[in-house]
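Can you build the whole structure from these sequences, using the hints too?
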Amino acid sequence: MIVRKIREELLRHLPEDLPFKVEPPPREEMGDYATNAALVAGGRVKRSPRELASELAEKLSRRKDLFSRVEVAGPGFLNFWVAPSYWQTVVQRVLEKGDTYGRSELGKGKKVQVEFVSANPTGPLHVGHARGAAVGDTLARILAFAGYEVVREYYINDRGRQMEVLGRSVWLRARELSGEEIEFPQDHYRGEYIRDLAAKLLSERPDLLQLPEDEALSLCRDFALREILSEIRRDLEDFGVFYDVWYSEKELYEKGEVEEALRELQEKGHLYEAEGALWFRATAFGDEKDRVVRRANGEPTYFASDIAYHREKFLKRGFDLVVDVWGADHHGYVPRLKAVLLALGVDADRLRVLLIQMVNLIEGGKLKSMSTRAGEFVTLRELLEEVGRDAMRFTFLTRKCDAPLDFDVELAKAQRTENPVYYVQYAHARLASVFRKAEEAGLEFPSPSEIPLNRLDTPEDFRLLKLLDFFPLVVEEAAEMLEPHRITYFLLDLATALHDYYTKHRFLSEDEERSRARLALARAVKQVLAQGLNLLGVSAPERM
RNA sequence: GCGCCCGUAGCUCAAUCGGAUAGAGCAUUGGACUACGAAUCCAAAGGUUGGAGGUUCGAGUCCUCCCGGGCGCGCCA
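In the working numbering, the protein residues as written are 196 to 739.
Since the hints were derived computationally from the structure, they do not count as laboratory data. Each residue gets a CB set at the ideal place from its N, CA and C atoms; glycine is no exception. A portion of the hints provided could be inaccurate.
Here are the in silico distance ranges between beta carbons for each label pair [what the hints assert, rightly or not]:
#	residue 1	residue 2	range
1	E634	G583	35 to 41 Å
2	E580	R476	47 to 53 Å
3	D439	E675	21 to 27 Å
4	D439	R476	33 to 39 Å
5	L424	P654	54 to 60 Å
6	S644	K561	56 to 62 Å
7	F437	R400	28 to 34 Å
8	P221	E635	41 to 47 Å
9	M196	G583	31 to 37 Å
Capping the alpha-carbon separation at 30 Å, the derived lysine-lysine pairs in BS3-like fashion look like this [to be verified]:
#	residue 1	residue 2
10	K661	K303
11	K395	K445
12	K632	K595
13	K306	K216
14	K395	K484
15	K200	K259
16	K561	K632
17	K254	K216
18	K292	K395
19	K463	K484
20	K595	K305
21	K561	K608
22	K595	K661
23	K445	K484
24	K661	K216
25	K563	K511
26	K292	K699
27	K254	K200
28	K450	K306
29	K608	K306
30	K305	K216
31	K200	K216
32	K200	K661
33	K561	K595
34	K395	K259
35	K445	K305
36	K563	K632
37	K259	K292
So this is what it looks like as structure tokens:
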């Protein structure tokens with residue numbers, strides 16, 4: 196990474212804590228990279244930035260191996276032209292490192308948990324969950340690639356009132372199926388899948404309706420939970436999403452974690468009783484109001500188990516960083532959870548909550564999903580079957596997650612140029628095709644040390660080399676800022692540069708030296724495209 | 001009413017935790033295949049970054065107010 200080298204060079208002449216940046220300048224004529232170091236330093240020591248800049252330029256330009264030119268520009272920016280010989284070695288590094296190219300040690304020695312989806316097991320996953328799944332899963336891949344030790348986790352709300360309602364919903368449908376006239380309650384789960392579950396249970400347990408009500412209800416509940424959960428799991432797996440841990444809320448209670456957590460808060464003086472309920476003094480830690488943790492009827496609230504869960508994440512399992520991926524409608528919940536962490540003596544910045552905004556499904560220019568009427572929504576599975584995994588994941592990852600997303604179903608399905616996922620995959624497939632041709636022609640692929648690097652000398656060569664050099668930095672930034680879409684945009688850039696190259700130059704020609712050099716470049720680009728796609732959970736096809 | 005998120009080209013979105021003349025794709029118009037895959041490429045056109053102030057060498061980005069949209073504000077989950 197040349198950025199890192201430039202930074203190192205600058206630091207030989209500047210104070211270590213100076214918050215300067217090294218980044219590509221807005222226009223190509225301004226060089227390959229630029230820094231505002233002199234501007235920032237000038238402000239601090241009350242010297243003219245331009246004067247400082249020209250001193251720095253003089254010093255750094257001695258590194259002929261790195262820079263062909265260093266200039267002062269504008270109010271005191273330093274512009275760098277990187278030596279072509281440096282760029283050419285990039286292809287060597289990419290090939291030597293292979294699959295590890297882009298890997299980073301950013302998170303070395305740090306444990307991070309990514310908790311995502313965690314939808315209530317009361318029905319199938321819908322498209323909103325799919326977006327959360329794509330973001331959470333990709334983030335986990337990126338963090339792992341950036342050197343973190345990652346645990347991916349699904350938190351199952353398998354207890355409490357909703358489970359009772361679920362069991363009762365199935366039971367009522369079962370009775371209905373066997374001919375009974377039932378007035379189905381409004382606040383129960385009304386989706387068609389409940390009827391299917393009832394039918395399935397009835398065929399397994401014909402005696403269901405003869406059982407005492409209590410027994411029947413709990414049978415229905417357990418059955419529904421098991422079935423729905425395995426359905427959720429299957430949906431996610433088909434979507435390319437896997438978990439290390441499925442964490443049961445019920446077990447959290449059985450292990451006594453909830454009582455333990457409440458006891459600790461009690462001992463630290465953060466709980467009080469009022470109106471028959473037990474409250475957490477969230478206002479002492481920046482939340483708007485205090486929150487009930489145990490209701491007057493003795494039942495702990497959902498919040499209580501979340502306290503216990505997050506306490507367990509930080510204090511028992513020792514995660515350095517916890518990333519929660521939630522639906523944006525839960526945003527009001529963030530302050531109270533951060534308040535709990537503070538109360539427990541945990542730095543609240545170690546919890547990062549990603550709020551996933553709504554997905555609007557667009558079909559034929561019209562809004563398709565988002566009927567809030569019970570049971571009417573487009574499921575993850577339906578969309579998966581309609582548009583396919585690659586297009587679906589890629590589309591979800593083309594936006595930062597805190598902006599609402601319009602998902603154009605027809606566009607995602609289209610195997611045409613406008614569909615960005617094909618654009619990137621096509622670049623990869625094109626390169627694969629070049630290698631098939633090269634093999635036919637009997638052209639030998641050079642070992643990294645034998646590449647005629649100086650034959651990579653056109654502007655299009657350098658454009659690709661620079662992008663390849665940039666990739667590790669993109670990974671680090673995506674990891675640091677928890678923004679998977681940075682990878683997506685990088686891939687689009689790289690694919691664009693490749694397609695441009697492809698129309699302007701030939702990889703295989705009469706000039707054998709040049710062909711070998713370009714073949715090496717092609718392999719490096721192909722490898723990084725595949726790596727990037729892999730981080731997104733999208734396939735990199737050899738043929739399309 | 002209070003809080004959070006969003007507002008950028010006709011449409012969908014970027015803009016590297018404050019940087020130089022705000023960039024892509026789609027749509028529109030006009031071009032490029034006897035060449036490794038035209039699922040591609042090139043060009044034109046398109047903007048008061050919702051509005052008004054402020055902070056500073058410098059603001060789409062930070063602060064205040066207003067407008068518009070979404071979502072929250074339960075001893076629900």
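* To do: Can you let me know if the beta-carbon spacing of P221 and E635 is within 41 to 47 Å?
  => Taking Cβ atoms as reference, P221 and E635 lie about 44 Å apart, which means the hint holds.
* Below or equal to 30 Å on CA atoms is what counts here, so check K595 against K661. => holds, 25 Å
* Taking only the CA atoms, is the gap from K395 to K445 under or equal to 30 Å? -> The given pair, whose Cα atoms are some 25 Å apart, holds under the 30 Å limit.
* Asked: How does the Cβ-Cβ distance of E580 and R476 compare with 47 to 53 Å: does it lie in that range?
  -> About 49 Å separates the Cβ atoms of E580 and R476, which means 47 to 53 Å holds.
* Asked: Holds or violated: 28 to 34 Å for the Cβ distance of F437 and R400?
  -> Since the Cβ atoms of F437 and R400 sit about 32 Å apart, the hinted range of 28 to 34 Å holds.
* Are the Cα atoms of K254 and K200 separated by 30 Å or less? -> holds, 14 Å
* To do: Check the following: the C-beta atoms of L424 and P654 are separated by a distance inside 54 to 60 Å.
  => holds, 55 Å
* Given pair status - K699, K292, alpha carbons within 30 Å -> holds, 28 Å
* Would you check the hint for K661 and K303, treating anything up to 30 Å between C-alpha atoms as holding? => holds, 26 Å
* Asked: Do the alpha carbons of K254 and K216 lie within 30 Å of each other, as the hint requires?
  -> holds, 18 Å
* Between K608 and K306, does the CA-CA distance stay at or below 30 Å? -> violated, 38 Å
* Between K563 and K632, does the CA-CA distance stay at or below 30 Å? -> Violated: K563 and K632 sit about 45 Å apart, past 30 Å.
Checked against the numbered hints given earlier, the structure breaks hints 1, 12, 14, 16, 18, 25, 29, 34, 36 and satisfies all the rest.
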